[in-house]
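Residue numbers (my numbering), protein chains in the order written: chain A, 1 to 154; chain B, 1 to 340; chain C, 1 to 116.
There could be a bad hint or two in this list.
[Stated by the list, open to error] Quick list of simulated restraints, FRET-style, between CB atoms:
| id | chain 1 | residue 1 | chain 2 | residue 2 | range |
| --- | --- | --- | --- | --- | --- |
| 1 | B | 98 | A | 6 | 42 to 52 angstroms |
| 2 | A | 56 | C | 103 | 15 to 25 angstroms |
| 3 | A | 134 | B | 257 | 45 to 55 angstroms |
| 4 | B | 102 | A | 134 | 14 to 24 angstroms |
| 5 | B | 93 | C | 47 | 55 to 65 angstroms |
| 6 | C | 88 | B | 98 | 24 to 34 angstroms |
| 7 | A | 118 | B | 314 | 18 to 28 angstroms |
| 8 | A | 119 | B | 68 | 31 to 41 angstroms |
| 9 | A | 15 | B | 335 | 42 to 52 angstroms |
Rather than coming from a laboratory, the hints here were simulated on the basis of the structure. By construction, the Cβ of each residue, glycine as well, lies at the ideal position given by its N, Cα and C atoms.
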Amino acid sequence: MSKQKLTPEQQEYKEKIKPLQPKPPYLLNVAKAFLVGGLICAIGQGISNFYLTFFNFNEQTVGNPTVATLILIAALLTGFGVYDKIGQFAGAGSIVPVTGFANAVTSAALEHKSEGLVLGVATNLFKLAGAVIVFGAVSAYIVGMLRYLFQMWF
Amino acid sequence: MKLTGKQTWTFSKELYIASTGTAVGPEEAAGPLGETYDLTFKELHCGQDNWELAERHLLEQSINICLQKAEKQPEDVDLFLSGDLINQTVIANYTARQNKIPFLGMFGACSTSMETLALGAALIDGGFANHVLTAVSSHNATAERQFRYPTEYGGQKPDTATYTVTGAGASLVGTEPSPIKITSATIGRVMDLGISDPFDMGSAMAPAAADTIATHFNDTGRTPTDYDLIITGDLSSVGTPILKQLLQEKKFDISSNHQDCGLLVYRPDQPVFAGGSGCACSAVVTYGHLLEELRNGKLKKILVVATGALMNPMMIQQKETIPTIAHGVVLEASSKGGHE
Amino acid sequence: MEYLLAFIVGGLICVVGQLLMDFCKLTPAHVTSSFVVAGALLDGFGLYDQLIQFAGAGATVPITSFGHSLLHGAMAEAEQHGFIGIAMGIFQLTSAGISSAILFGFIVAVLFKPKG
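When you get a sec, could you build the whole thing from the sequences and use the hints?
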């Protein structure tokens with residue numbers, strides 16, 4: 001994946017070692033990601049239904065408390081040292097759901113606790129998860145602007 | 001001539017490892033060599049408040065044990081050569097602040113173990129010191145947070161990844177006879193065969209190990225059969241077959257007497273992916289298990305080749321490929337002296 | 001039935017992420033960033049709402065819904081204030097997610113110690 005130009009010797013080496021390198025277990029990884037990712041979403045569905053039934057939320061607004069609850073659970077699992085084990089098992093299955101976002105925030109904050117609350121925890125909170133917010137905001141702005149212009153002209 | 005061939009140093013004085021000290025964390029203590037370490041910790045924090053302090057504690061303890069065994073005080077040591085994996089080798093620097101021994105900080109990534117030992121021996125041989133203390137450390141969590149992700153982050157590592165050994169190894173080199181002799185060392189060249197995946201150190205470092213080992217044979221005129229054991233630092237189960245093939249191409253067959261510290265330090269069923277890595281990987285296996293085998297006569301002459309990947313995360317993110325190095329040291333059983 | 005749909009659709013979105021990681025060697029940060037952009041794009045064409053209609057939490061729990069919510073907030077504000085509203089509304093609907101991540105992340109970091 002390197003952007004650097006490889007020399008013929010380097011290319012030859014990469015080809016040569018290919019048969020000696022273990023392949024990722026593609027199928028197994030996909031199955032595990034599907035199972036765990038699906039499970040997290042099904043749990044999310046359960047939390048949604050809970051808020052719909054017992055609190056004053058509707059289909060449009062129930063996303064907020066659901067996401068917040070999942071984030072709380074993921075943050076706690078990170079604190080107890082469980083989420084990294086789930087992550088090694090599930091791969092994208094526990095990275096793609098919003099719980100993965102919470103894990104990225106919490107784990108970075110927790111890891112930098114030794115440098116203090118301000119320069120450690122607070123400064124590093126979005127070290128990993130910040131990219132999601134940046135790309136989300138920028139892309140939402142661009143798409144929003146395009147859609148706005150589109151609606152104006154047509 | 002002390003310089004033999006192009007890259008090999010043959011020591012003219014009789015140089016010995018007077019004593020060694022090893023301290024490791026829980027995963028290593030549970031490994032097959034658990035009995036061979038001087039000190040083991042049940043918990044990754046080693047009773048300290050943060051990871052860096054834990055690694056420093058390991059390094060300090062390994063040094064204390066090493067000096068105690070040789071019945072020496074820090075003042076008796078002329079030079080302290082030490083390094084680790086953390087930025088600016090702070091673990092070694094801050095340890096040197098405590099013991100006040102004249103200090104040279106060294107960095108060769110995971111090859112630092114043999115880099116310090118080779119240079120320590122050479123400085124004694126050159127008459128610049130009488131006793132040199134060499135020590136290295138690595139810690140799984142300090143390495144994770146610096147090179148990869150926070151320790152609690154839920155990323156998925158591939159099977160080619162390695163598991164950084166939590167531990168420290170120290171050795172005291174001098175001229176008083178002991179059962180372990182240091183006879184020569186081969187200093188490696190930096191190799192880069194285009195691997196850029198930081199989760200595949202074995203493939204990146206195998207060419208460096210192959211180059212150093214082949215150079216050692218060419219420089220000295222020896223062959224693989226001259227050694228009971230040729231042991232690499234942390235090539236893991238990925239780099240080991242590559243090394244054997246690369247040396248086969250150069251007409252050196254090491255398939256019968258090669259082992260890798262990264263594969264010895266853990267059981268296959270431990271959650272360590274392709275095997276162990278880190279400065280401490282080669283250090284604790286060599287200074288514990290291998291020296292014991294030399295002492296009890298099971299091994300007579302071994303070549304320890306510690307391998308290192310000389311990168312940092314910034315270079316990886318800038319899409320650079322990984323430069324690697326390997327340094328070899330020859331250790332021999334000696335019939336002379338020693339009270340151990 | 002809604003649980004099954006949430007499971008299958010949510011699981012499939014994660015499978016796409018896994019394939020990007022294993023075959024294209026993308027890091028988790030690259031995968032999640034791309035997914036947020038994808039969510040915003042899909043919402044730009046009005047498709048993500050249909051997915052939520054169909055799969056419920058299967059579409060709201062994956063990080064793609066973050067992009068969708070960002071755009072939704074922006075467009076709602078744009079209705080009232082014109083194009084200036086886009087910037088004003090971006091974080092309107094995602095406030096719960098971001099603020100709870102900050103809050104809980106901070107609290108856990110204060111209370112716990114990394115286990116390694």
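Q) Which earlier hints can't be squared with this structure? A) Result: hints 4, 6 break, sorted rising.
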